[in-house]
Amino acid sequence: MNRSITYKNIHNRFKLNGYHISLDEMFYVAYCFIKEGQPFEQHIGNFLLDWFDEKSYIELSTSGTTGTPKVIKIEKQAMLDSALATGDFFGLKPGDTMLHCLPTNYVAGKMMFVRSFILGLEMKFVEPNSDPLKTIDEEFDFCAMVPLQAKNSLEKLKAGKIKKLIIGGVKVHKALEQELVKLPMEIYETYGMTETITHIAAKKIGESAFTVLPNVKIYTDERKCLVIKAKNISKNEIVTNDIVNLVSDKKFSWEGRHDNIINSGGVKLMPERIEDKLSTLIPRRYFVSGQPDETLGQKVVLYVEGEPLVIEDSVFAVLDKFEKPKEIVFIPKFNETATGKIMRTESMSSVE
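Under my numbering, think of the first position of the sequence shown as 29, with each following residue one higher.
Possibly wrong hints are sitting among the right ones.
Unchecked claim - Listed next, the in silico DSSO-like pairs over lysine-lysine satisfying Cα-Cα at most 30 angstroms (straight line):
(1) K192 with K232
(2) K121 with K63
(3) K245 with K192
(4) K186 with K199
(5) K202 with K279
(6) K192 with K36
(7) K101 with K263
(8) K179 with K199
Don't read these hints as lab results, they were simulated from the structure.
Between the sequences and the hints, there should be enough to build the whole structure, so can you do that?
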């Protein structure tokens with residue numbers, strides 16, 4: 029990493045919506061967004077002021093997917109190093125064009141700006157919504173989306189509007205993956221979290237194993253959960269609850285969450301594995317969880333979003349004997365985080 033670069037550097041190739049902007053001009057732009065902009069532009073303005081102030085860190089909120097959201101401090105130099113690693117991994121170079129369509133009040137959206145400042149990208153930003161390419165006519169070298177955005181952008185993606193797309197925030201559903209692998213472009217699914225300053229690994233759509241970014245080391249603990257060692261990002265090792273299979277010292281496949289494991293009759297079941305098998309067979313959002321059972325200890329329960337519908341027994345033929353749901357529960361609307369991740373515990377609590 030180039031330690032001569034600091035977070036107050038703005039690459040001379042950086043552009044924002046077509047305009048070169050200096051450091052001095054950045055403050056004026058930020059104040060205009062805050063005073064006159066739409067809510068998503070106000071978030072941009074606030075981030076610009078935070079990034080270029082005298083503090084060496086940014087305060088970020090974790091997603092709250094598996095627990096209470098918390099505020100953590102991330103060093104700006106670590107965010108800069110993360111941007112450089114992304115540039116190296118994905119081959120981004122000064123002058124490349126980038127579409128920014130993520131909310132800037134979360135780490136993924138903030139990092140798109142950091143990458144632009146540091147790598148010298150020409151950024152155009154649009155309001156973050158579920159169909160970000162709807163009004164886009166030009167082509168871009170790079171973009172980041174969540175799966176819902178990618179799903180709603182399939183037609184524009186088929187037309188070649190984006191050359192290189194990264195998808196993160198939520199696991200890519202198999203049905204969507206089957207559509208994405210057909211597209212004539214580079215598409216990657218990323219792995220990461222707020223604590224790792226977005227992604228620390230990525231894999232091409234259709235592949236099973238993630239490859240870690242430069243200067244990231246990985247191993248597993250006694251639970252077979254991923255441990256991340258990335259000194260440029262965090263002084264401490266990051267211990268996750270993600271069960272993985274280490275393919276090599278640089279590659280891993282994601283299996284599921286340790287805190288979601290179901291112990292049914294002494295058999296340990298991975299909900300994510302069951303969900304993956306059902307991924308093209310149930311036409312709605314759903315998840316699998318374990319519930320107390322007098323005989324089995326825990327039983328497998330399938331939770332489906334929306335009004336009740338008939339699900340034929342033949343759907344579950346793809347599952348092993350112990351994986352088959354003992355009960356199906358319909359929930360009108362799942363609880364989810366602001367970034368679209370299903371909050372399992374809260375969703376189940378809403379029907380108890």
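Evaluation of the provided hints:
1. The suggested pairing of K192 with K232 holds, with an alpha-carbon distance near 11 angstroms, which does not exceed 30 angstroms.
2. For the hint pairing K121 with K63, the CA-to-CA distance comes to about 33 angstroms; that exceeds 30 angstroms, so the pair is violated.
3. With a C-alpha separation of about 25 angstroms, the suggested pair K245 and K192 falls inside the 30 angstroms cut-off, and the hint holds.
4. Among the hinted pairs, K186 with K199 is consistent with the structure: their alpha-carbon atoms are about 21 angstroms apart, no more than 30 angstroms.
5. For the suggested pair K202 and K279, the alpha carbons sit about 20 angstroms apart, so the restraint of at most 30 angstroms is met.
6. For the hint pairing K192 with K36, the CA-to-CA distance comes to about 27 angstroms; that is within 30 angstroms, so the pair holds.
7. A C-alpha spacing of about 12 angstroms is found between K101 and K263, which places the hinted pair at or below 30 angstroms, so the restraint holds.
8. Restraint check for K179 and K199: the C-alpha separation of about 13 angstroms stays at or below 30 angstroms, so the hint holds.
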